[in-house]
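Visitor: Chain by chain, the residues:
Protein chains: 2
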Amino acid sequence: MLNRVRSAVAHLVSSGGAPPPRSKSPDLPNTTSALPAAPPEAPRSPPARAGSGSAVPVKTAEARASFSRPTFLQLSPGGLRRADDHSGRAVQSPPDTGRRLPWSTGYAEVINAGKSRHNEDQACCEVVYVEGRRSVSGVPREPSRGQGLCFYYWGLFDGHAGGGAAEMASRLLHRHIREQLKDLVEILQDPSPPPLCLPSTPEAPTSSDSSHLVAPQSCWSSHKEVTHESLVVGAIENAFQLMDEQMARERRGHQVEGGCCALVVVYLLGKIYVANAGDSRAIIVRNGEIIPMSREFTPETERQRLQLLGFLKPELLGGEFTHLEFPRRVQSKELGQRMLYRDQNMTGWAYKKIELEDLRFPLVCGEGKKARVMATIGVTRGLGDHNLKVCSSTLPIKPFLSCFPEVQVYDLTQYEHCPDDVLVLGTDGLWDVTSDCEVAATVDRVLSTFEPNDPNNKLGSGDDISVFIIPLGGPGTYS
Amino acid sequence: MLNRVRSAVAHLVSSGGAPPPRSKSPDLPNTTSALPAAPPEAPRSPPARAGSGSAVPVKTAEARASFSRPTFLQLSPGGLRRADDHSGRAVQSPPDTGRRLPWSTGYAEVINAGKSRHNEDQACCEVVYVEGRRSVSGVPREPSRGQGLCFYYWGLFDGHAGGGAAEMASRLLHRHIREQLKDLVEILQDPSPPPLCLPSTPEAPTSSDSSHLVAPQSCWSSHKEVTHESLVVGAIENAFQLMDEQMARERRGHQVEGGCCALVVVYLLGKIYVANAGDSRAIIVRNGEIIPMSREFTPETERQRLQLLGFLKPELLGGEFTHLEFPRRVQSKELGQRMLYRDQNMTGWAYKKIELEDLRFPLVCGEGKKARVMATIGVTRGLGDHNLKVCSSTLPIKPFLSCFPEVQVYDLTQYEHCPDDVLVLGTDGLWDVTSDCEVAATVDRVLSTFEPNDPNNKLGSGDDISVFIIPLGGPGTYS
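Chains S and C, in that order, give the protein sequences.
Going by full-length UniProt numbering, 27 is the number at position 27 of the first sequence; the sequence numbering is gapless.
Going by full-length UniProt numbering, 448 is the number at position 448 of the second sequence; the sequence numbering is gapless.
No false leads were mixed into what you were given.
Copies of the same chain look alike in the list, so a pair counts if it works inside one copy or between any two.
27 Å max Cα-Cα, derived DSSO-like pairs, lysine-lysine:
1. 313 to 398
2. 224 to 398
3. 369 to 389
4. 182 to 352
5. 398 to 369
6. 389 to 370
7. 353 to 182
8. 271 to 352
9. 224 to 333
10. 182 to 224
11. 313 to 389
12. 271 to 224
These are calculated hints, taken from the structure and not from any lab test.
All chains, please: the whole structure from these sequences, using the hints.
Guide: Written out as structure tokens, the structure reads:
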């Protein structure tokens, strides 16, 4: 099984040809513009450690001077050079000789065709043990491994404007998730509904003046049902936020440059949670059928959210941008004419008379891979980007970006799965050139024949590509 | 065909039994609380006019003192009394003897079981002619009927806290749509893409200082494609907004009390546009298959939009509400304990330590039909409600309500339709007690047998119910 999955994932990534690189990263000087492939400076070769992603602590000074690939690739110094070679673009996969990735996962990656200095994607695949923080009853529980929880974890982090945020997220995001789950260890293993309220902490006051409050209403006749599943979703959501806050705090000391899209999968207690913040994509291929497990967040898909924020908080536009959308840049000679536009409430278009402030640059512009927020960035969710400014301006873009993922849940216990049913995670480099159907067909063909005989070179992405293929049959022979 | 549709729609509405009325209207004193059924005061019996809805101008004084039903019902004074009888709850349909409704539409309504004084639903069914405003070239065009456009129009307006808004919308919303479409008469009939810019008006200045603007970016390499369809959508969206603004302007002079959900269908140039703002519902039944054509907008489905607004504009909460959601009301004795909560970014739940301001009443509370914004109103989109205040407070609720509809488009020319394929529009009174499948089954059974033989009294809604059934085969024998 493992070799078949390994073969399928390598086949997907190997479609990297040599088209001109296309950038959807921030349009910033000196960051993502195409640099000639340079040999890595003093490449760091972390010790091979099976079953761990990029979770090995990285010394700050080292991280600054170098770049890294997931430790599970077990790259030698020579292998690291090859992985960093923009012209060769060799497909990297975990070695046959090493220990398997958790859950018999397949992984493959390829560096971009020169659009950034290093591969700005990062990846992580881990089994994480969660020790309960304390008993729900308020009494600190005896540390006892038997009462903890394990989750399987996969993360793809597509960096932009530098690799720092992606690397930090690949090392730490699953730890934030573990931290959030600590409160839930007992609750999730108890079939009764979660308690609405947990015991007080010592410093809690016991009363307050609430005379100004409106009276309880009939809509409170009962309390809401909160499911175990929604607690896990909430834990993942908060972990993303805390990861983003940590990047903000440490960005100066640790040079967390750039930002990253984050696509994360957590398997816990029979359910798969797919959390996506950015434009990576997850699909399930089940018996040939494609089940989308994520949506992409771009200036186009999040236009109305962005426009609403600009409308409600015009100070965030700095007098440089308008929250209205126009089908093309308005020219000053068109003042007084009527141009097509959309505001934050509209999905359709209408004509409006052009006024002076409509000549400002639109908050959202462009189409497809060229769509941009504030003429700068092509993704609207992710981690980091705390230093990102509008080109030739001091206006921060971060307020328009959201660190929150959308989480979709798939209950593994509700379906029978055959050995070829898989969950595919890929950064946008894959999906830019390969449709869901083509990915499913490739996976199916390779898994069923186990003879990759088609070089499949018809299309090529210039982007970094990283792909996980996760068999849905379960952890399999993972040891 | 017409009699079959008429029979089907009456059958759907006749399920009104006598359960206790349930209110999802604003929880306000003296407005929607259950009053005993009173005989209508000097019922107004407008002259019967075939093919027109409530579009007959209503004198203000008359509207204040009375109530009205759609003119196409052609009710006599006695019929109007029966239509206003909360105990009898007779089903009202256009008479056999009158002229048909446009497009062989079926319509039926029944008054509520005493929850409000009169039936607060209103309806409209019209054929509307749109005269072009002027030529795209800027030269006023000769008035010429041949170059205009016709659209078919159906509207259901479910009023709350009074019938004024629903009645005004039923008389005027299609006129706002007509006004918005006037600019588009030539454009929509020209197969080439819509012009991005229309000629200037005389007073247009010709230049301005735009030196502060950022330079055009590569994302503007081309302009966006704008479709004819999206122009119609934009026209409908803007018509809703202008209708709402008119209600705000005229609420004092004309006593536009209350608000209303609006579900509107426009048939124009081969496409059906279903615009919904509220909790009415539209479904297409095609060959037994159900195609949802609307989504309901309630405090639950719009929770995150409402919370985001409260978070970004805390002044709208007046110190009385918190934008956070809790599964039940937080009690002051729970200060310092940790309670489940959701903020505007979350779909899952997590625990947070209770602080003083968490004791405020939550902006969104309750579940299902009991869900409320600011403990007051159970729908989050619609027209009117400009005077709506939080109970025992001066805090306005309107900022949280949206007048914008979601518009779904169905291309009639893309499918073959059999005579029993229909579009069903119903206010929430229908859908509270009848599922999509039951509606489809009833329509199918009645249309195919044309013998309504099942009184179908198993369920009963206490609410006003109004239903349109529109055959998809086309306007049929409308004359």
